[in-house]
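The opening position of the sequence shown corresponds to residue 1 in our numbering, with each subsequent residue numbered one higher.
I should point out that these hints are in silico values taken from the structure, not numbers from a laboratory.
Among these hints, one or two may not hold up.
Unchecked claim - Straight-line alpha carbon distances no greater than 35 Å define the calculated DSBU-like cross-link-like pairs of lysine-lysine that follow:
{"#": "1", "residue 1": "Lys34", "residue 2": "Lys62"}
{"#": "2", "residue 1": "Lys11", "residue 2": "Lys69"}
{"#": "3", "residue 1": "Lys94", "residue 2": "Lys69"}
{"#": "4", "residue 1": "Lys11", "residue 2": "Lys36"}
{"#": "5", "residue 1": "Lys62", "residue 2": "Lys83"}
{"#": "6", "residue 1": "Lys83", "residue 2": "Lys94"}
{"#": "7", "residue 1": "Lys88", "residue 2": "Lys29"}
{"#": "8", "residue 1": "Lys34", "residue 2": "Lys94"}
{"#": "9", "residue 1": "Lys36", "residue 2": "Lys62"}
{"#": "10", "residue 1": "Lys69", "residue 2": "Lys38"}
{"#": "11", "residue 1": "Lys36", "residue 2": "Lys69"}
{"#": "12", "residue 1": "Lys11", "residue 2": "Lys101"}
{"#": "13", "residue 1": "Lys102", "residue 2": "Lys38"}
{"#": "14", "residue 1": "Lys62", "residue 2": "Lys29"}
{"#": "15", "residue 1": "Lys102", "residue 2": "Lys11"}
{"#": "16", "residue 1": "Lys101", "residue 2": "Lys88"}
{"#": "17", "residue 1": "Lys38", "residue 2": "Lys88"}
{"#": "18", "residue 1": "Lys102", "residue 2": "Lys83"}
{"#": "19", "residue 1": "Lys38", "residue 2": "Lys62"}
{"#": "20", "residue 1": "Lys29", "residue 2": "Lys69"}
{"#": "21", "residue 1": "Lys62", "residue 2": "Lys88"}
{"#": "22", "residue 1": "Lys102", "residue 2": "Lys34"}
{"#": "23", "residue 1": "Lys62", "residue 2": "Lys94"}
{"#": "24", "residue 1": "Lys69", "residue 2": "Lys101"}
{"#": "25", "residue 1": "Lys29", "residue 2": "Lys11"}
{"#": "26", "residue 1": "Lys83", "residue 2": "Lys38"}
{"#": "27", "residue 1": "Lys83", "residue 2": "Lys29"}
{"#": "28", "residue 1": "Lys34", "residue 2": "Lys69"}
{"#": "29", "residue 1": "Lys101", "residue 2": "Lys83"}
{"#": "30", "residue 1": "Lys36", "residue 2": "Lys94"}
All values reported here derive from a predicted model rather than from experimental measurement.
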Amino acid sequence: VYFWAMTAQMKAYLDRWCALFDAEWRWQKAYYPKMKGKRIGLITVCGDPNPHTADPIVHSFKSTADMTKLNWIGVVMASASDKGDIVKDENARKQAFELGKKAAS
């Protein structure tokens, strides 16, 4: 999380998806078979003690999933400021593990 938004690198990546859509914002025929049934989830980490600082990013990714008909599998939101902080957050680690299982299934 960078100033309540996704990083410039992540935004640039998503912006490049525009080339994959037709004029009605559907996957181009060449890409639809490759994207059909794909899963998308999100893990956010921010320095703010309130992990919901990342809510705008979650909204962006959830909206992307809805528009593209990708299967939204969930989100893990955590707070960490210093190296090793996230290792101490057992709940976030468990949630991330479960999200990983959903992504792999």
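Checked hints:
1. Restraint check for Lys34 and Lys62: satisfied, since their Cα atoms lie roughly 20 Å apart, inside the 35 Å limit.
2. Between the alpha carbons of Lys11 and Lys69 the distance comes to roughly 19 Å, so the proposed pair stays at or under 35 Å and holds.
3. In summary, the hint linking Lys94 to Lys69 is supported, as the alpha carbons are separated by about 27 Å, within the 35 Å threshold.
4. For the hint linking Lys11 to Lys36, the alpha-carbon distance of about 22 Å falls within 35 Å, and the restraint holds.
5. Between Lys62 and Lys83 the CA atoms are separated by roughly 28 Å; this keeps the pair inside 35 Å, and the hint holds.
6. Pair hint Lys83 plus Lys94 holds up; C-alpha atoms about 19 Å apart against a cutoff of 35 Å.
7. At roughly 46 Å between alpha-carbon atoms, Lys88 and Lys29 are farther apart than 35 Å, so this suggested pair is violated.
8. With a CA separation close to 30 Å, the supplied pair Lys34 and Lys94 stays within the 35 Å bound.
9. Simply put, Lys36 and Lys62 have alpha-carbon atoms about 16 Å apart, close enough for the 35 Å limit, and the pair holds.
10. Note on Lys69 and Lys38: the hinted pairing holds, with a Cα-Cα distance of about 9 Å set against a maximum of 35 Å.
11. Using a Cα cut-off of 35 Å, the hinted pair Lys36 and Lys69 holds, with the two alpha carbons roughly 8 Å apart.
12. Of the pairs offered as hints, the one joining Lys11 and Lys101 holds, with about 26 Å between alpha carbons and a cut-off of 35 Å not exceeded.
13. Taking the CA atoms of Lys102 and Lys38, the gap is near 11 Å; set against the 35 Å cutoff, the hint holds.
14. Using a Cα cut-off of 35 Å, the hinted pair Lys62 and Lys29 holds, with the two alpha carbons roughly 23 Å apart.
15. Note on Lys102 and Lys11: the hinted pairing holds, with a Cα-Cα distance of about 24 Å set against a maximum of 35 Å.
16. At roughly 21 Å between alpha-carbon atoms, Lys101 and Lys88 fall within 35 Å of each other, so this suggested pair holds.
17. Among the hinted pairs, Lys38 with Lys88 is consistent with the structure: their alpha-carbon atoms are about 31 Å apart, no more than 35 Å.
18. The hinted pair formed by Lys102 and Lys83 meets the criterion: a straight-line CA distance of about 27 Å does not exceed 35 Å.
19. About 14 Å separates the Cα atoms of Lys38 and Lys62, which keeps this hinted pair within 35 Å; it holds.
20. Taking the CA atoms of Lys29 and Lys69, the gap is near 14 Å; set against the 35 Å cutoff, the hint holds.
21. This hinted pair checks out: Lys62 and Lys88 have alpha carbons roughly 27 Å apart, not beyond 35 Å.
22. As the CA atoms of Lys102 and Lys34 are separated by approximately 19 Å, the hinted pair is consistent with the 35 Å bound.
23. About 21 Å separates the Cα atoms of Lys62 and Lys94, which keeps this hinted pair within 35 Å; it holds.
24. Between Lys69 and Lys101, the direct Cα distance comes to roughly 20 Å. Compliance with the 35 Å bound is thereby established for this hinted pair.
25. Distance restraint check for Lys29 and Lys11: the Cα-Cα separation of roughly 24 Å lies within the 35 Å cut-off, and the hinted pair is therefore satisfied.
26. Proposed proximity of Lys83 and Lys38 is supported: the alpha carbons are some 32 Å apart, at most 35 Å.
27. At roughly 44 Å between alpha-carbon atoms, Lys83 and Lys29 are farther apart than 35 Å, so this suggested pair is violated.
28. Using a Cα cut-off of 35 Å, the hinted pair Lys34 and Lys69 holds, with the two alpha carbons roughly 12 Å apart.
29. Restraint check: the Cα-Cα separation between Lys101 and Lys83 comes to about 25 Å, which is no more than 35 Å; the hinted pair holds.
30. Using a Cα cut-off of 35 Å, the hinted pair Lys36 and Lys94 holds, with the two alpha carbons roughly 28 Å apart.
Violated hints, listed in ascending order, are 7 and 27; each of the other numbered hints is respected by the structure.
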